[in-house]
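Take a look at the letters that make up each chain.
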Amino acid sequence: MGPVMVGPSSSHTAGTARLGRVAREILDEDPTTVRFFLNPPLAATYRGHGSDFALVGGAIGLNVDDPRIPEALRIAEQIGVEVEFHDEDLGDVHPNTVRIEIEGKGRKAEIVGSSIGGGVIEVFKINGFQARFKGDSPTLLLFYRDRPGMISEVTKIIAQEAINIASLSCSRKQRGKDAFMQIDVDSPISEEALARIGAIKEMKDARYLDRIP
Amino acid sequence: MIESFKQLEQLASDRDLAEVFLETDEQEHGIPGDQILEALRKRRQVMRECVERGKGGGTSMGKLVGNEAKLLNEAFRSGKTFLDPLTIKAELYALSVMGENSRMGVIVAAPTAGAGGVVPGMLLALEEERHIDTERTVRALVVAGGIGSIIALSANISGAAGGCQNEVGVASSMGAGAVAYMMGGNTHQSIHAAALALKNTLGLVCDPVGGLVEVPCVKRNALFAVHGLTAAQLAMAGVDSVIPMDEIVEAMVRIGRALPRGLKETAEGGLATTLTGCEIGQRLKDEANQRRAERAAERERVAKERKSGSTLS
Chain A
0 MGPVMVGPSS SHTAGTARLG RVAREILDED PTTVRFFLNP PLAATYRGHG
50 SDFALVGGAI GLNVDDPRIP EALRIAEQIG VEVEFHDEDL GDVHPNTVRI
100 EIEGKGRKAE IVGSSIGGGV IEVFKINGFQ ARFKGDSPTL LLFYRDRPGM
150 ISEVTKIIAQ EAINIASLSC SRKQRGKDAF MQIDVDSPIS EEALARIGAI
200 KEMKDARYLD RIP
Chain B
0 MIESFKQLEQ LASDRDLAEV FLETDEQEHG IPGDQILEAL RKRRQVMREC
50 VERGKGGGTS MGKLVGNEAK LLNEAFRSGK TFLDPLTIKA ELYALSVMGE
100 NSRMGVIVAA PTAGAGGVVP GMLLALEEER HIDTERTVRA LVVAGGIGSI
150 IALSANISGA AGGCQNEVGV ASSMGAGAVA YMMGGNTHQS IHAAALALKN
200 TLGLVCDPVG GLVEVPCVKR NALFAVHGLT AAQLAMAGVD SVIPMDEIVE
250 AMVRIGRALP RGLKETAEGG LATTLTGCEI GQRLKDEANQ RRAERAAERE
300 RVAKERKSGS TLS
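First to last, the sequence lines map onto chains A and B.
According to numbering that gives the first Met the number 0, the first sequence is numbered sequentially starting from 0.
According to numbering that gives the first Met the number 0, the second sequence is numbered sequentially starting from 0.
Simulated from the structure, these hints should not be mistaken for lab results.
Possibly wrong hints are sitting among the right ones.
[Said to hold, decoys possible] Ranges of calculated distance between the beta carbons of each label pair, as one might list FRET restraints:
#	chain 1	residue 1	chain 2	residue 2	range
1	A	A198	B	A287	46 to 54 angstroms
2	B	G57	A	D29	53 to 61 angstroms
3	A	K172	B	G57	51 to 59 angstroms
4	B	S307	A	R146	53 to 61 angstroms
5	A	R174	B	N288	47 to 55 angstroms
6	A	T31	B	R256	40 to 48 angstroms
7	B	L274	A	E76	33 to 41 angstroms
Using N, Cα and C, we set each Cβ at its ideal position, and we do this for glycine too.
Build the full structure now, drawing on both the sequences and the hints.
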């Protein structure tokens, strides 16, 4: 069964709210600007389905069943979040796909993801890296400089926590340059373990995301 | 993981279907069965509340629908309906949920929001009319969800991916399997109820007028709630689907791919591009543009006031 949510469309409200929320969680601070680039089929239908409220609602941290979602555009304006909507052909992807650029005072993040129905999402790009993030389990997102031994150092810390890894994948822009690792785990990771992973040599940013409700 | 309906039938042939789904979830995701049941108790409650709110009617966001549930309810209560109460309640509850959905009310996606009236329409009407224990309805929701998740392994559950067959079709299929379960059917009967329901929605397109989840979505949910009940009735009488469920799902995916883009939620074909559909679409666009212009003017006015205010001080 799908989520408890605000109507009228699970692809356009629940899924998009979760995509907005993923962007917000990856940014990890209050956003000041959010830009949404909508794939043409989504751009054609998003207003009627309330995707604009939902995307913005998620990006300012609301859950899919939050009754304030229909008011999200107004709330964003009140708290001083600048919002833009653009059309963009995102290529050979699911019709309901969006690219989100989100900025806070100190950081920025970018994701590309699809809302595939029933509130289910697939984020396949995070900050320019290939990913396959669905937000349905606790996940580590690690940004680092590519070098031998990185995976084993990270997984060693996770093993010491007695946490089981459900899946792990890496991608990089170039050998020895910026790289990204996504690790889905079966149970939450402690602050302390996350700090240890963050302190690994050449680790630039270690982010932990809980399930996206 | 249960990967196909064939495997499900082997695994659960002489067992309680809800129990099998709960066990699989526990093994796969580590979520205990009682936690899932508790979550679904809440879903049933939200559905119930949604039906109660929705019976009163109201106006949808696009103002195209809103009073269907109220009208049917009034006719029913004053003895002016001619169908049996189970059928009428299935329609009524589906309309109620979809009315709430079209007003951005809180609903349960089952499996989607646009098809969210079908499952509660069928299950809550049956629960009431056949005096079925609410806990059995909760377990039937496990069955409905389990059926939906097997379908979702091969098909995207959205009108954008494959038309309305992927939404209302899947919902009526999930509901039919759940209804067979509630009526004491075995696993074989639940699967065939689901198969009969899905098979007879194949090819259903998604052509919402003005791109809103209003026309034809709201009334379609009511009609397909009844469709699902009739599929379950056939399966309970021993009627099987000749084409196995797994093959029906494959056919659905192929048909979804073959459907042109204009019939997959884009509002660029079908009912959306009828004479009336186009008129409504244009009106909605005009109204939206006007609202945007008004908002922009308001922002400008506020900015001007601020500016002149700061010069004065």
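> Is the distance from the Cβ of S307 (chain B) to the Cβ of R146 (chain A) consistent with 53 to 61 angstroms?
Replying inline: 60 angstroms, holds
> Taking the CB of R174 (chain A) and the CB of N288 (chain B), does the distance hold inside 47 to 55 angstroms?
Replying inline: This hint holds: roughly 51 angstroms between Cβ atoms.
>> Quick check on a hinted range of 46 to 54 angstroms for A198 (chain A) and A287 (chain B), using CB atoms only.
In response: 51 angstroms Cβ-Cβ, so the 46 to 54 angstroms window holds.
> Could one say that the CB atoms of T31 (chain A) and R256 (chain B) fall in the range 40 to 48 angstroms?
Replying inline: 42 angstroms, holds
> Is 33 to 41 angstroms right for how far apart the beta carbons of L274 (chain B) and E76 (chain A) are?
Replying inline: Once the Cβ atoms are compared, 38 angstroms apart, the range 33 to 41 angstroms for E76 (chain A) and L274 (chain B) holds.
> Is 51 to 59 angstroms right for how far apart the beta carbons of K172 (chain A) and G57 (chain B) are?
Replying inline: Since K172 (chain A) and G57 (chain B) have Cβ atoms about 52 angstroms apart, the given range 51 to 59 angstroms holds.
> Falls inside 53 to 61 angstroms, the C-beta gap from G57 (chain B) to D29 (chain A)?
Replying inline: 35 angstroms, violated
Hint compliance for this structure: hint 2 alone is broken.
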